[in-house]
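First residue of the sequence shown: 16, per this note's numbering; consecutive thereafter.
Don't read these hints as lab results, they were simulated from the structure. Fair warning: this is a prediction, and the values are worked out from it, not measured in the lab. It is possible that some hints are incorrect.
[What the hints assert, rightly or not] Here are the in silico distance ranges between beta carbons for each label pair:
1. E677 x A242: 29 to 35 Å
2. R738 x S883: 32 to 38 Å
3. E217 x K746: 48 to 54 Å
4. Q595 x R81: 55 to 61 Å
[Said to hold, decoys possible] Below are the BS3-like pairs computed for lysine-lysine, each with C-alpha atoms no more than 30 Å apart in a straight line:
5. K95 x K681
6. K458 x K469
7. K822 x K891
8. K45 x K262
9. K423 x K461
10. K609 x K555
11. K892 x K797
12. K432 x K494
13. K432 x K321
14. K287 x K246
15. K681 x K656
16. K262 x K287
17. K694 x K746
18. K232 x K348
19. K142 x K159
20. K768 x K415
21. K479 x K462
22. K747 x K93
23. K287 x K167
24. K167 x K197
25. K159 x K74
26. K746 x K768
27. K390 x K609
Ideal Cβ positions, reconstructed from N, Cα and C, are used throughout, including at glycine.
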Amino acid sequence: MKNPVSTYRIQLSPDYTLEDLNEILDYLEKLGISTIYSAPFFQARKGSSHGYDITNPFKLNKAIGRLDTFRNLSNRLKQKKMSWLQDIVPNHMAFDGDNIWLQDIFELGPESLHYNFFDIDWEQSGKVMAPFLGNPLPEVIKNKELQLRVSKRGFLFRYFDHEYMASARSYAEILGNEFGEKWQDKFRNFSAESENWEELKEYFLREYDKDPDFRSKIDNRVEEINASEEKIRKILEEQYFLPAHWKETETNINYRRFFTINDLICLRMEDKEVFESYHRFILQLCEEDLIHGLRIDHIDGLLDPKAYLERLRENLGPDFYITIEKILEWDEKLPVHWPVEGTSGYGFLATVNQLLTNPKSENEFFDAYQALYPKQEDYHDLVYEQKLFILEERMGGEYKNLWELALKFNLLEKEEKYKQALGAFLAAFPVYRIYPEEFPLRKRQKKIIDAAFKTAAAHKPDLKNELEKFKDIFLGEAKKDRENMLQFLQRCQQFTGPLAAKGVEDTTFYIYNELISHNEVGDSPENFGLSVNGFHERMKLRLEDFPLSINATATHDTKRGEDARMRLDVLSEVGEEWFQKVADWREIAKNVRKDPAVPNANEEYFIFQMLIGAWPYIGEPGEEFLERSTAYLQKVLREAKENSSWAAPNEDYENKVYDFLEALLKNLSFKKSFTQFHKKISAYGAIKSLSQSLLKVTAPGIPDIYQGTELWDLSYVDPDNRRPVDYELRKKYLAEFDSVTPEASGQHLENLKRDYTSGKIKMYCLHRALKARREIPSTFEKGEYIPLEVKGELRESVVAFARKDEKNTVLVIVPVMVTHLFTEDLQIKDQKQELKIILPENLKGTFKNAISEEDFSSEEIEVQKLFSSFPVALLKKNN
16 MKNPVSTYRI QLSPDYTLED LNEILDYLEK LGISTIYSAP FFQARKGSSH GYDITNPFKL
76 NKAIGRLDTF RNLSNRLKQK KMSWLQDIVP NHMAFDGDNI WLQDIFELGP ESLHYNFFDI
136 DWEQSGKVMA PFLGNPLPEV IKNKELQLRV SKRGFLFRYF DHEYMASARS YAEILGNEFG
196 EKWQDKFRNF SAESENWEEL KEYFLREYDK DPDFRSKIDN RVEEINASEE KIRKILEEQY
256 FLPAHWKETE TNINYRRFFT INDLICLRME DKEVFESYHR FILQLCEEDL IHGLRIDHID
316 GLLDPKAYLE RLRENLGPDF YITIEKILEW DEKLPVHWPV EGTSGYGFLA TVNQLLTNPK
376 SENEFFDAYQ ALYPKQEDYH DLVYEQKLFI LEERMGGEYK NLWELALKFN LLEKEEKYKQ
436 ALGAFLAAFP VYRIYPEEFP LRKRQKKIID AAFKTAAAHK PDLKNELEKF KDIFLGEAKK
496 DRENMLQFLQ RCQQFTGPLA AKGVEDTTFY IYNELISHNE VGDSPENFGL SVNGFHERMK
556 LRLEDFPLSI NATATHDTKR GEDARMRLDV LSEVGEEWFQ KVADWREIAK NVRKDPAVPN
616 ANEEYFIFQM LIGAWPYIGE PGEEFLERST AYLQKVLREA KENSSWAAPN EDYENKVYDF
676 LEALLKNLSF KKSFTQFHKK ISAYGAIKSL SQSLLKVTAP GIPDIYQGTE LWDLSYVDPD
736 NRRPVDYELR KKYLAEFDSV TPEASGQHLE NLKRDYTSGK IKMYCLHRAL KARREIPSTF
796 EKGEYIPLEV KGELRESVVA FARKDEKNTV LVIVPVMVTH LFTEDLQIKD QKQELKIILP
856 ENLKGTFKNA ISEEDFSSEE IEVQKLFSSF PVALLKKNN
């Protein structure tokens with residue numbers, strides 16, 4: 016595949032289909048997009064809005080579109096020299112009655128060809144748990160909520176919306192003796208090894224359809240079974256699934272799930288047969304030249320990611336574009352020997368987010384936050400405690416299974432302190448996971464295990480001896496079977512990732528609220544700002560190792576919109592004023608509270624930040640804003656797990672928080688104070704957003720635009736960030752840009768600045784930058800990254816670099832600290848000491864600004880002049 020020049024992420028769903036996408040192809044082409052980057056579009060659970068709950072990997076989701084529709088769409092893309100990047104989900108499928116492989120397993124058990132496709136521990140009971148009951152099984156049976164039914168697919172059990180196929184071995188018991196030897200013998204003596212189950216079942220269903228007497232007897236028999244607790248229990252005993260209360264998985268589970276989501280069951284993708292079966296249709300679409308690149312979801316869920324990627328690469332060839340979803344810690348690097356182009360972009364998001372945060376404000380924010388909410392403990396301690404909480408209270412079943420595996424491998428004695436030490440060690444891993452392939456481990460892997468040991472020992476000093484033994488096991492240095500130790504370590508690594516995701520991203524990020532722009536996937540509140548030189552070093556390394564990684568600033572998984580994040584980063588430049596405003600608002604809030612203890616100070620501070628990020632640019636927030644914010648706050652409170660949770664919702668507490676928010680939004684004193692301050696922050700946030708946009712398009716990597724974010728993105732976390740996009744408005748704006756004559760360009764830029772609240776200024780910046788990139792893609796893909804010297808008192812307020820190859824030279828200059836450089840109407844301020852970009856000899860010449868169309872010819876480019884027309888600059892050297 017020709018590598019993507021730029022991607023546009025589309026969340027295909029029943030509400031946004033292939034036909035809908037077809038309507039915006041012309042628009043995306045004109046915007047400057049080269050590649051459609053699609054969410055999973057294979058058959059998923061009925062009504063799925065995201066596509067990650069696949070039930071059949073062998074066909075497109077019928078609610079999204081037909082294969083012939085996709086082929087027609089692909090032909091249009093090829094005519095436009097555009098391509099298709101597809102998100103796939105090899106780690107898990109939906110635990111659902113429509114899952115084609117689970118259906119087969121439920122019916123045939125060990126005789127099913129798919130019996131070992133899922134990561135199920137059949138040894139525990141010979142059944143897979145089906146933990147979807149709202150109450151314990153005896154209560155559900157007593158209330159007759161679990162019922163046997165006859166369907167077009169055969170006998171099945173139904174519990175509200177959940178359906179599970181009855182086993183072939185249970186048909187004889189269901190039919191009973193009154194149906195005679197003909198049917199009894201057929202089902203009791205059935206063997207999948209010698210007979211076709213589907214043919215036998217179809218024969219039975221034909222009889223059911225065409226013979227009224229037979230149908231009546233069957234219906235009566237089913238009614239009889241459903242009326243008897245004893246009979247339905249007896250038939251359940253013959254099933255290969257075990258209905259269970261959903262809370263049971265907090266202490267016991269016999270299958271691997273995605274994070275703590277019971278209805279996503281994981282695959283044994285390390286098995287070659289599973290790999291080949293699952294990828295058969297995917298590879299067919301690639302071979303047909305319908306799919307030109309793959310994005311691999313949750314690579315850390317796989318037992319051996321490297322082996323999986325090597326197998327995929329072997330099937331697709333050396334030049335096929337493959338990128339992976341991978342969360343890297345701040346100083347963590349993607350293994351360079353993996354056969355991929357890079358990651359899906361969270362690391363880039365974090366880097367830019369840190370660059371646009373003022374590092375000099377770190378102590379100010381830390382001290383003010385601690386004074387505001389003294390109960391908040393050290394961030395690292397909080398992370399550790401939350402990970403341990405998730406392991407013990409939400410992943411207790413997985414925890415127990417790992418402990419029993421250690422005993423099965425004869426690695427430790429059966430003592431409670433050793434089990435506690437295992438949990439303490441797993442919670443202490445500083446990264447999602449390491450990738451052990453053999454002993455001895457690599458130097459970096461050993462360093463991570465050593466760091467985890469030190470953290471665990473610091474928190475659990477009474478377990479130090481037991482932790483020492485686990486350290487020896489993880490390093491492969493214990494006097495035990497090395498193969499068993501390696502298998503145990505690899506298995507543990509499949510759970511340290513979910514533990515980090517649930518303990519950090521889905522818990523700590525909703526508790527630790529110092530500056531919530533950094534409570535973001537790929538980022539972390541433990542970091543506060545990045546220097547310009549630090550940014551340059553990270554970009555040079557990115558170009559060297561993975562120049563084709565995706566540059567994302569918003570995804571379907573981000574915690575808030577990319578422009579809401581930029582507003583919050585502005586606060587780091589006005590800390591003193593910000594915390595004074597917080598103090599003022601807290602005083603005002605005392606008069607709107609119905610309960611003086613709700614919300615607490617930490618939650619209240621979160622709400623103030625939430626409003627800074629999401630408050631509309633124009634006008635007051637209306638009823639829709641309140642509804643969206645209330646839905647978001649429910650998620651915030653439940654994910655934090657302090658005063659409410661998904662497992663035990665405290666609706667009384669939640670309602671008091673919602674009432675507080677509503678009262679705050681109606682309070683005139685608050686609105687007057689807030690809107691005045693917010694107008695300033697949103698203006699400066701807009702400038703930071705332009706910097707973020709231009710950096711995304713021009714820095715090493717492939718720029719990605721998440722659907723709709725070409726205009727301002729102030730959304731909350733999903734599903735809020737999957738709301739419908741007004742493409743007619745975007746088409747209108749793009750046509751407006753294309754109609755501007757060179758003579759009217761200057762006035763047009765002034766109009767964009769005056770009308771910045773509409774978002775047109777952001778879209779214009781992206782459009783011009785994407786267009787420039789498509790004209791010289793090789794320069795941005797392979798060209799050198801050259802940091803440029805900035806001279807002047809405020810030099811740390813600007814980042815400047817060049818992208819250069821043999822044919823072209825491009826200069827990128829953007830502000831990172833904006834309040835000292837610009838006015839609130841986006842005009843550049845006069846500087847006491849002029850900021851200048853110093854060009855080395857080999858870069859000097861004449862340039863044209865791709866955004867403003869202005870010409871520059873100077874050895875020292877004056878920033879004030881450069882930003883006088885537009886707040887960011889993209890200069891292309893005239894050849």
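How the hints compare with the structure:
1. Restraint check, E677 to A242: a C-beta distance of roughly 49 Å breaks the suggested window 29 to 35 Å.
2. Against the hinted window of 32 to 38 Å, the Cβ-Cβ separation of R738 and S883 comes to about 37 Å, which satisfies the hint.
3. A beta carbon spacing of about 51 Å between E217 and K746 agrees with the range 48 to 54 Å that was offered as a hint.
4. The hinted window of 55 to 61 Å between Q595 and R81 holds, with their beta carbons roughly 59 Å apart.
5. The hinted pair formed by K95 and K681 fails the criterion: a straight-line CA distance of about 51 Å is larger than 30 Å.
6. Of the supplied pair hints, the one linking K458 and K469 holds, its CA atoms being roughly 17 Å apart against a limit of 30 Å.
7. Taking the CA atoms of K822 and K891, the gap is near 11 Å; set against the 30 Å cutoff, the hint holds.
8. About 51 Å separates the Cα atoms of K45 and K262, which puts this hinted pair outside 30 Å; it is violated.
9. Restraint check for K423 and K461: the C-alpha separation of about 25 Å stays at or below 30 Å, so the hint holds.
10. Using a Cα cut-off of 30 Å, the hinted pair K609 and K555 is violated, with the two alpha carbons roughly 54 Å apart.
11. Taken as a hint, the K892 and K797 pair is honoured in the structure, with Cα atoms around 17 Å apart against an allowance of 30 Å.
12. With a CA separation close to 20 Å, the supplied pair K432 and K494 stays within the 30 Å bound.
13. Distance hint between K432 and K321 is unfulfilled; the C-alpha atoms sit about 34 Å from each other, more than 30 Å.
14. As the CA atoms of K287 and K246 are separated by approximately 41 Å, the hinted pair breaks the 30 Å bound.
15. Among the hinted pairs, K681 with K656 is consistent with the structure: their alpha-carbon atoms are about 28 Å apart, no more than 30 Å.
16. The hinted pair formed by K262 and K287 fails the criterion: a straight-line CA distance of about 34 Å is larger than 30 Å.
17. With a CA separation close to 28 Å, the supplied pair K694 and K746 stays within the 30 Å bound.
18. About 66 Å separates the Cα atoms of K232 and K348, which puts this hinted pair outside 30 Å; it is violated.
19. For the proposed pair K142 and K159, the alpha carbon gap of about 22 Å is at most 30 Å, so the pair holds.
20. With a C-alpha separation of about 59 Å, the suggested pairing of K768 with K415 is violated against the 30 Å cut-off.
21. Between K479 and K462, the direct Cα distance comes to roughly 18 Å. Compliance with the 30 Å bound is thereby established for this hinted pair.
22. Distance hint between K747 and K93 is fulfilled; the C-alpha atoms sit about 25 Å from each other, no more than 30 Å.
23. Proximity of K287 to K167 is assessed by CA-CA distance (about 33 Å); at most 30 Å being required, the pair is judged violated.
24. For the given pair, K167 sits about 21 Å from K197 by alpha-carbon distance, which is consistent with the 30 Å threshold.
25. For the given pair, K159 sits about 36 Å from K74 by alpha-carbon distance, which is inconsistent with the 30 Å threshold.
26. Restraint check for K746 and K768: satisfied, since their Cα atoms lie roughly 20 Å apart, inside the 30 Å limit.
27. Among the hinted pairs, K390 with K609 is consistent with the structure: their alpha-carbon atoms are about 23 Å apart, no more than 30 Å.
When the structure is compared with the earlier hints, violations turn up for hints 1, 5, 8, 10, 13, 14, 16, 18, 20, 23, 25 and for no others.
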